[in-house]
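Since chain A is already given, all that's left is putting chain B on it; use the hints.
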Amino acid sequence: MKTALQLIVLSVVLVLIQLLICNNIVLFNVAIPIVFIYVIIWAPLWLNQSLLLTIAFLLGLIVDIGSDTPGMNALACTLLAMLKRPVFYAYMEHDDHSDEITPSLSSMGVWDYCKYLLTMVAIYCILIFSIEYFSFADVKEIAIMAGYSTAMTFLLLIGIDSLMKGKREKRL
Amino acid sequence: MGSLLNFLIRYSSWFVFLIYVLLSCMLLFRSNDYQRSVYLTSANSLTAGTYEAVADVKGYFALKSINEGLEESNAALLNEVLNLKDELATLRAEVGDSTYAPRFDYVAAKVINNSTRRPNNYITIQRGSDDGVERGMGVVGNEGIVGIVNAVGSRTARVSSVLNEGQHYSVKLKDTPFVGSLIWKSGDPTVAYMTEVARHAKWHKGDSVVTSGYSTTFPEGIPVGVVVARVKGADDNFFTLRVKLASDFDRLSTVRVIRDELKSELDSLETFDFQENKVIR
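As given, the protein sequences belong to chains A and B, one line each in that order.
Each step along the first sequence adds one to the number in the numbering used here, with nothing skipped, and position 35 is 1307.
Each step along the second sequence adds one to the number in the numbering used here, with nothing skipped, and position 90 is 136.
Chain A with its partners taken away, still in its complex shape (with noise of 0.2 angstroms):
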């Protein structure tokens, strides 16, 4: 129930920045600011796959619909939520714990919370810039904007998940 709340909470608060701040930032021309996947990165393992494909169907669409771009996101985040089991089990051992975790730089550890985060970023913002530029004749375009966005997003995520664990020591 807390879980659910917190998600909740964290989805609604994510959309409105992205679509209120972070949408309207492209700095330097390339890069773009992309945070409300965080809430796909960070939904606890133990949740539904059903549920957090829906979760995520449906954050892409509200966002699509905000910044007009209809399916596009609904697509990334869809294939992203989908992706997010093999990409955390790539860096992490299969036990019998590790489908309760929450993944965040305290459950994971900083080494390994990088490596699966800068995978789930730098896959979405290839997604997205393929979605959206949907011609291998734009092959560099897409690279050079899902890379300067990989790069910003991750640290705006890294900041997003140390305020988290703030929150969660605090409550603590």
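Read the hints as simulated data drawn from the structure, not as lab findings.
These figures come from a predicted structure and were not determined experimentally.
A virtual CB, placed ideally from N, CA and C, is assigned to each residue, including glycine.
Don't take each hint at face value.
Partial chain B-side listing against chain A, Cβ under 7 angstroms, derived [said to hold, decoys possible]: (1) Leu-50; (2) Asn-52; (3) Leu-54; (4) Tyr-57; (5) Ser-59; (6) Tyr-66; (7) Val-67; (8) Ser-70; (9) Leu-73; (10) Ser-83.
Same frame as chain A, now just chain B:
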């Protein structure tokens, strides 16, 4: 039913995933003009490419029937050309013949057996009496004369080819009145001899040799070959020319059988005994 439910539950996340992907794609391609246009054009080029590849392969298999069709139409066209020539000649002679009918007709036939290395060579064709082929009809290929039908079955016929030591053909030097007899001597399937050429006949290397039209077997002017050299003849009044044959007998695939509509009439006329007033049998 239970196992179906189990299957659905087990792979539910995949179904959910597919549904969301489809929904997103629908949204993407319906609402975004750019993505829709790219999707449509790439889909079109993909379809076109596939169709092209399939058509290429199919076309390859259809080549045989296309070839046969072309041969048939070629025969029909040649028939028409010769008939028109015939008609033109008739009109030029200002003979107002209301009973005029084309004299020669062609039947395209596929070569199913062929020999060139024996003293007497024969060709088997896939046309017989059912198709109107009769003994004694002339056979021509795309390049020139091929032979004469000498045995007929209902579906096939055997053609005694030019490469046959016992066969003579009435030929002449093109655009001249000098006639001769074409024979072949065992050996080279590309060379024959035009014998009995009058001594005063003028000839040049490279002159065309064509059929004379003096028989009902071949119409006049069908190519036979070209003169390559003179050979010393046995008789002082005549000489012999070596002729390079126009037809390549090693590569015969389709031939045309010539049907002369006047053959029976001419044959009976030529064997008519005017004194006895009856046909000699």
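Taking the hints in turn, this is what the structure says about them:
no., hint, result
1, Leu-50, "violated, 18 angstroms"
2, Asn-52, "violated, 16 angstroms"
3, Leu-54, "violated, 12 angstroms"
4, Tyr-57, "violated, 10 angstroms"
5, Ser-59, "holds, 4 angstroms"
6, Tyr-66, "holds, 4 angstroms"
7, Val-67, "holds, 6 angstroms"
8, Ser-70, "holds, 3 angstroms"
9, Leu-73, "holds, 3 angstroms"
10, Ser-83, "violated, 9 angstroms"
Comparing the model with each earlier hint shows violations of hints 1, 2, 3, 4, 10; every other hint is respected.
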